[in-house]
Every structure is written in C-alpha cells, then in structure tokens.
Amino acid sequence: MPGAPPAPAGLSSLPDRLTRRMSDRKEDEEPAEAGREDPQREALLIEQAQRGNHEAFEALLKLHQRRIFALAGSFLRRRQDVEDLVQEVFLKAYLAIGRFRPGAPFAPWLHRIAVNACYDHLRSIRRRPEVALDDLAEREKVFLSAAGQSDDRAAARDLAERILATLSPKDRLAITLREVQGLEIAEIASVLGCTRPAAKVRLFRARRAMQAALQGLVRQEEQMAKRLRRRGRDDVSWGE
Amino acid sequence: MTCHGANKRLTREGSGADLSIQDEALALHLAACDRCTQALRTARLSAALLGALREEIEPGPSFYLQLRERLRAAASGIGQPEAMLLQAWGYARRLVPALALGVLFLAGVTISLGGRRPPLPVEAGRGREVQAFSLEELNLPAAVEQPSQDQMLAFVLMQGEVRGSAAEVRGTRSER
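Protein sequences appear in the order of chains U and A.
Last residue of the first sequence: 239 in numbering that gives the first Met the number 0, with the numbers rising by one and none dropped.
Last residue of the second sequence: 175 in numbering that gives the first Met the number 0, with the numbers rising by one and none dropped.
Don't take every hint at face value.
[Claimed, not checked] Here are a few chain U residues that sit away from chain A, every Cβ distance over 12 angstroms (derived from the structure): (1) E82; (2) A103; (3) A131; (4) R177; (5) D233.
[As the list claims (entries may be wrong)] With a straight-line cut-off of 25 angstroms between C-alpha atoms, the simulated DSS-like cross-links for lysine-lysine are: (6) K91(U) x K140(U); (7) K199(U) x K91(U); (8) K169(U) x K199(U); (9) K7(A) x K91(U); (10) K7(A) x K169(U); (11) K140(U) x K225(U).
Hint data in this document are derived by calculation from the structure and do not stem from the laboratory.
Glycine residues also receive a C-beta, built at the ideal position from the N, C-alpha and C atoms.
Looking at chain U on its own, in the form it has when it is part of the complex (with noise of 0.2 angstroms):
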C-alpha cells in the first residue's frame, strides 16, 4: 500500500489477524452496536435510564445486546441459559445505572458486568478433571477423528464444551474472551485483574491445557483406529 506507514517489527502476524477479525464481523452489523455512531443518543438513554425511564434503558440495552448474547453464548451452551444470564447481566446493569459516571463510557461498563456474570458462572460449575474418549458422543467422535474438517458445529461446540470445561475458571475465561470474543491482552488483564504479561502467561497455559486435554483424546482415537484396523485384519486372516 503506497504511503503505508510499515509495520512495527515483530507484529508480522498482525494484519492477518486483524483481517480475520474484521471478516469475522458481519456486514450487516449494526452501526450503533458499540453506541459509538450516535454517542449523543446513548448518553441521552442513559440519563433517561438513570431516571427510571425503563423503555430507555431497554432500548440501550438492545444497542449492546449483541455483544452481551455473543459473550454469554461462548460460555453456555443451552440457548434457554444464555438467555438467563443475559437477564442476569441486564437486571445487574440496571440496579447500578445510578452509580454509572455519565460521560464514561457504556460499551465497556456493561461488558465488564457480563463478564463478571459468566465468571461467577464458571466458578460456579464443577471442574471435570480430565475428558476421555469414551465420554463422547459419536458425533463428537467423527469431529475428532475428521481433525475438525467436520461441518458438524453442534457436535463441535459440545466437544469444545468438554474441553474447556477441564480448565480452570480464569484459564476458561481468559482463552474465551481472547479467541472468542478477540478481546486485546490488556482488556483481559484488566477483566482477570492482572497484569498483561501475567494475562499473556495464563493465556499461554490455557492454550497449552487445552491442546494438551485434546492431544489426549487424538491418542487415544488413535490407539482405538488402530486396534480396530488389527481387529479387521484378524479376522480377514480368520476368514481365509
């Protein structure tokens, strides 16, 4: 690109990630999702909400809803329960409107309740130390053995599910919002209430843990494939 100015060194992987992220986004997203399009009608809701204005602040809420229902999808899997939490959030958010410094911005305040909300979720659900093979449903089997080349997104979103629900809470949360949701290093920080680098090391683990828990289950399809090929064989020689 002529005039370009150039890339920062070691950021070489950066424009790829940054053009997946925006191909990610839908075309037809809204335009006041993030309130930044007409900032003057968010702040004229929120003073209308603070006052008890209950269709303002419904109104604001389906500005940010989005979002807010991407978060709390890529963290239960059960519409009826993401709907719940989101309920959760949304009934959070408005007991503390009041306290909402008006200026600042809502985007973020309303976020960070909604991760605060799928946080307490997690810590709320029992670790499962380890997945086997054996726990899977066939479908979840197939996206395995199919190395994740499977169309089958239910069956991927459950063995997912599976997956992560072997890491910890703040592992959980950190890989989710930085893959998921594309949350930069800092904002994890400052949700996981760290500093970047520890945010990078937790990430760092968590991707570990994760591919770690998978390499499992790859072995042990694997090792399954392979006695049922030495299964076949025997008895094809049986036969003859």
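Please build the complex by placing chain A on the supplied structure of chain U, with the hints as guidance.
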C-alpha cells in the same frame, strides 16, 4: 527447524489463526516428524473448536417481555429510599478502607504521644488511721519506672511491716 521451534510456532498460531503451513522449513519438519504433525492436528482442532463457539444469538421473542417483568419487579421491590441507601452504601464502601486507616493512624498517634497514665494513689493504715500514698510520696527505687497499683501497695505494706506489726497494717487500692 527443530521440534521446539515447530511447537512454539504451532502454539502461537494455534490461537485460531489460519493454520495453513506456508513456512517451508516448518512444512519440511512436519513431513518428517510424526509428533509435530500430531501437534499441528491438535492446533487445527483447537482452532476449529474455539471457532465453533463464535455464534450469533438473537434474543427470543419473549426475552424482553420477561426482562420488562423483572425490571418492574426490581423497581417495585427496591423503592426510592432503598435505591438511595444502596447508592449511599456504594459510596460508603469506598470510604471504609480510608476511614479504617484513619482510625488506625489516630490510635497509633494517641498511644505513642500519650504513653501510660501514672497509677492512682493507694491507701494503707493502722486501725482507723488510713493514709493515701501517691507515687511521688512513695519514693520507690529508681529501677521501678512505672509501678502498678499492686506494686505500690506491696511497697507500702512492706514499709509498714518494717515500722510496726504487719497484722495491723491494712492496705486498699484507691478507686476512682
């Protein structure tokens, strides 16, 4: 490329990026190393799984109806005074640590400046003749810097024992 280098790249790129192997050195290494090939497979799986969690969810038709109900219930449950109390508690909560520090500081200053109060006088006497002795009157040995009332009384009784019959000496602590 070594297994360590390949693993490092795969872990870094396994963060959901496109894992098509364009690096020739990495491709050569993967062709020769089963372990790293498996690591690549895992990284691709990991990216696919995390990608599946990205989902657009629209609220159901009854979502906002239910929310409206809950908001109304919350608004009626929490009246204006309670809401104000909650708000006040929100501010007070931030002040509590500062207040606690202030109290600790004041307590420290009082202790360091005030020191210990001198003990009250003690009373001792023979028969009806009762006398009060203050610390200054007793003329205790210099080694006893801050004597307690019990120590002062013991000293008075000891003096009485020296002067007369111990059975006739009685001592009491002076009460405020």
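| field | Ascending list of hint numbers which this structure does not respect | value | 1, 4, 6, 7, 9
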